[in-house]
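Undergrad: Knowing the structure of chain X, use the given hints to seat chain R on it.
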Amino acid sequence: MKTRFLLPNKFKMIGWFLLIPSSILGILQIFYLTGSGLKFLDLEVFTIYSGSFAPWGSTTVVFGFDEVNLTGTIIGILFILGAVMVAFAKEKHEDEFIAKIRLESFLWATYINYAILLFCFLFFYGIGFMYVMIFNMFTIIILFIVRFNYVLYRSTKSLRYEK
Amino acid sequence: MFYIDPQNRCGMKNSLKVERAIKDITQEELAKIIGVSRQAINSIELGKYVPSTILALKLSRYFKKSVNEIFKLEEDD
Numbered sequence: 000m001k002t003r004f005l006l007p008n009k010f011k012m013i014g015w016f017l018l019i020p021s022s023i024l025g026i027l028q029i030f031y032l033t034g035s036g037l038k039f040l041d042l043e044v045f046t047i048y049s050g051s052f053a054p055w056g057s058t059t060v061v062f063g064f065d066e067v068n069l070t071g072t073i074i075g076i077l078f079i080l081g082a083v084m085v086a087f088a089k090e091k092h093e094d095e096f097i098a099k100i101r102l103e104s105f106l107w108a109t110y111i112n113y114a115i116l117l118f119c120f121l122f123f124y125g126i127g128f129m130y131v132m133i134f135n136m137f138t139i140i141i142l143f144i145v146r147f148n149y150v151l152y153r154s155t156k157s158l159r160y161e162k
Numbered sequence: 000m001f002y003i004d005p006q007n008r009c010g011m012k013n014s015l016k017v018e019r020a021i022k023d024i025t026q027e028e029l030a031k032i033i034g035v036s037r038q039a040i041n042s043i044e045l046g047k048y049v050p051s052t053i054l055a056l057k058l059s060r061y062f063k064k065s066v067n068e069i070f071k072l073e074e075d076d
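Note that the protein sequences, when read in sequence, are chains X and R. First residue of the first sequence: 0, per numbering that gives the first Met the number 0; consecutive thereafter. First residue of the second sequence: 0, per numbering that gives the first Met the number 0; consecutive thereafter.
So here's chain X without its partners, still in its complex pose:
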C-alpha cells in the first residue's frame, strides 16, 4: 500500500534505542537534578529568547548568545527524535487496516491528552502546573505509541483463535 508521511520500517528500532534511554534520563533530570543539569553542559549558545521569570528582565537575551545548561535540551531532542521514529515508522506489513488503527489511535491519544490536561488545569497550580506543562509536551505521542501498539497487539492475538 502506498503511504504518505511515514518513515521506513527500520527507523522503528533506531527510535526505540533513542526513546528508552532519553525517557529514563529525562525523568532522572526532572526529579533528581531538578533542572540544574550536568555541569560540563553549561555552554554559551545562540538563542532567540532566553530569560527568567520576569518577561523582559535585565538577564533577558533576545537574538544573541547566553550561557545556558544543555542537559534538558539534549535529552529533549533525543526523546523527540526517538518518539517520532517509533510513532511514524511503517509497520513491517503496513496496509489500510493498520492505517485505520493508526488514525484512530491518534484521535484517541488527542482526546485523552486534553482530558488529562483539562483535569490538571483544575487541580495543579504554581510550580505544580509547570511540571504538568513539562510532561504534557511529551504525553500525546506517548499515549499514541502505547495505544497504537496495544491495538495492534490485540489484533495479532486474536489471530490465534482463527485458522
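Do not take every clue at face value.
[Unchecked claim] DSS-like cross-link-like pairs, simulated, lysine-lysine; straight-line CA separation at most 25 Å:
1. K91(X) <-> K57(R)
2. K47(R) <-> K31(R)
3. K91(X) <-> K71(R)
4. K57(R) <-> K89(X)
5. K47(R) <-> K63(R)
6. K63(R) <-> K156(X)
7. K99(X) <-> K31(R)
8. K156(X) <-> K31(R)
9. K156(X) <-> K12(R)
10. K91(X) <-> K31(R)
11. K22(R) <-> K99(X)
12. K99(X) <-> K12(R)
13. K12(R) <-> K9(X)
[Unchecked claim] Heads up, incomplete: computed chain X residues facing chain R, CB under 7 Å, no partners named:
14. S49
15. H92
16. D94
17. E95
18. Y152
[What the hints assert, rightly or not] Okay, the calculated beta carbon distance ranges per label pair:
19. N8(X) <-> S14(R): 26 to 36 Å
20. S14(R) <-> Y149(X): 26 to 36 Å
21. E28(R) <-> L117(X): 45 to 55 Å
22. Y61(R) <-> M12(X): 28 to 38 Å
23. Y31(X) <-> L56(R): 53 to 63 Å
24. D75(R) <-> K91(X): 28 to 38 Å
25. N135(X) <-> V17(R): 45 to 55 Å
26. K57(R) <-> F45(X): 50 to 60 Å
27. T25(R) <-> Y124(X): 56 to 66 Å
28. K156(X) <-> I32(R): 18 to 28 Å
Hints listed in this document are in silico derivations from the structure and should not be mistaken for laboratory results. Fair warning: this is a prediction, and the values are worked out from it, not measured in the lab. Note that the Cβ used here is the ideal one computed from N, Cα and C, for glycine as well.
TA: Relative to the frame of chain X, chain R by itself:
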C-alpha cells in the same frame, strides 16, 4: 466505535470465510496473495473492519466472484 473490540461489528456481512474454505487457503496465504496483513483479513472476516473498495475488488478478482456476492449490506446499514 472507539476501539476495536471483538463484539463490536461495523456493519455489512461477508462470506470471506466461506470463500476461503472453498478455495482451501488460510488467512495467511490469502493475505499474502492480496498483499495485506493477516490482521486485515482476520478483522474483515470477524466483521470488525470494512475494507476499502480497492481491497474489496482485489478479493473479488481473486475469488472470481462479484463484490456483491462476497459483501452484503445488513438491514440496519
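Undergrad: For each hint, tell me whether it holds in the structure or not.
TA: Hints, one by one, checked against the model:
Between K91(X) and K57(R) the alpha-carbon distance is near 21 Å, which keeps this suggested pair within the 25 Å criterion. This hinted pair checks out: K47(R) and K31(R) have alpha carbons roughly 20 Å apart, not beyond 25 Å. Distance hint between K91(X) and K71(R) is unfulfilled; the C-alpha atoms sit about 31 Å from each other, more than 25 Å. Between K57(R) and K89(X) the CA atoms are separated by roughly 23 Å; this keeps the pair inside 25 Å, and the hint holds.
With a C-alpha separation of about 24 Å, the suggested pairing of K47(R) with K63(R) holds against the 25 Å cut-off. As the CA atoms of K63(R) and K156(X) are separated by approximately 31 Å, the hinted pair breaks the 25 Å bound. Taking the CA atoms of K99(X) and K31(R), the gap is about 19 Å. The hint holds against a cut of 25 Å. Annotation: proposed proximity of K156(X) to K31(R) holds, straight-line Cα distance about 19 Å (limit 25 Å).
For the proposed pair K156(X) and K12(R), the alpha carbon gap of about 22 Å is at most 25 Å, so the pair holds. Proposed proximity of K91(X) and K31(R) is supported: the alpha carbons are some 13 Å apart, at most 25 Å. Simply put, K22(R) and K99(X) have alpha-carbon atoms about 28 Å apart, too far for the 25 Å limit, and the pair is violated. Taken as a hint, the K99(X) and K12(R) pair is honoured in the structure, with Cα atoms around 19 Å apart against an allowance of 25 Å.
For the proposed pair K12(R) and K9(X), the alpha carbon gap of about 37 Å is over 25 Å, so the pair is violated. Nearest Cβ of chain R to the Cβ of S49(X): about 43 Å, over the 7 Å cut. The hint is violated. Here the hint on H92(X) is kept, as its CB sits about 4 Å from the closest CB of chain R, short of 7 Å. The interface hint given for D94(X) is met, as the beta carbon of that residue sits about 4 Å from the closest beta carbon of chain R, less than 7 Å.
Hint on E95(X) holds. Least Cβ distance to chain R is approximately 5 Å, under the 7 Å limit. Of the supplied interface hints, the one on Y152(X) is violated, with its beta-carbon coming no nearer than about 10 Å to a beta-carbon of chain R, more than 7 Å. In this structure the hint that N8(X) and S14(R) lie 26 to 36 Å apart at CB holds, the actual value being about 33 Å. Under the hint 26 to 36 Å, the C-beta atoms of S14(R) and Y149(X), about 31 Å apart, fit the expected range.
A hinted range of 45 to 55 Å for the beta carbons of E28(R) and L117(X) is consistent with their spacing of about 48 Å. About 34 Å separates the C-beta atoms of Y61(R) and M12(X), a value consistent with the hinted range of 28 to 38 Å. At about 58 Å, the CB distance of Y31(X) to L56(R) agrees with the hint of 53 to 63 Å. Between D75(R) and K91(X) the beta carbon distance is about 37 Å. The supplied range of 28 to 38 Å therefore holds.
With their beta carbons about 50 Å apart, N135(X) and V17(R) fall inside the hinted range of 45 to 55 Å. Take K57(R) and F45(X): their Cβ atoms lie about 54 Å apart, and the range 50 to 60 Å holds. At about 59 Å, the beta-carbon gap between T25(R) and Y124(X) stays in the expected band of 56 to 66 Å. For the pair K156(X) and I32(R), the beta carbons lie near 24 Å from each other, so the given range of 18 to 28 Å is met.
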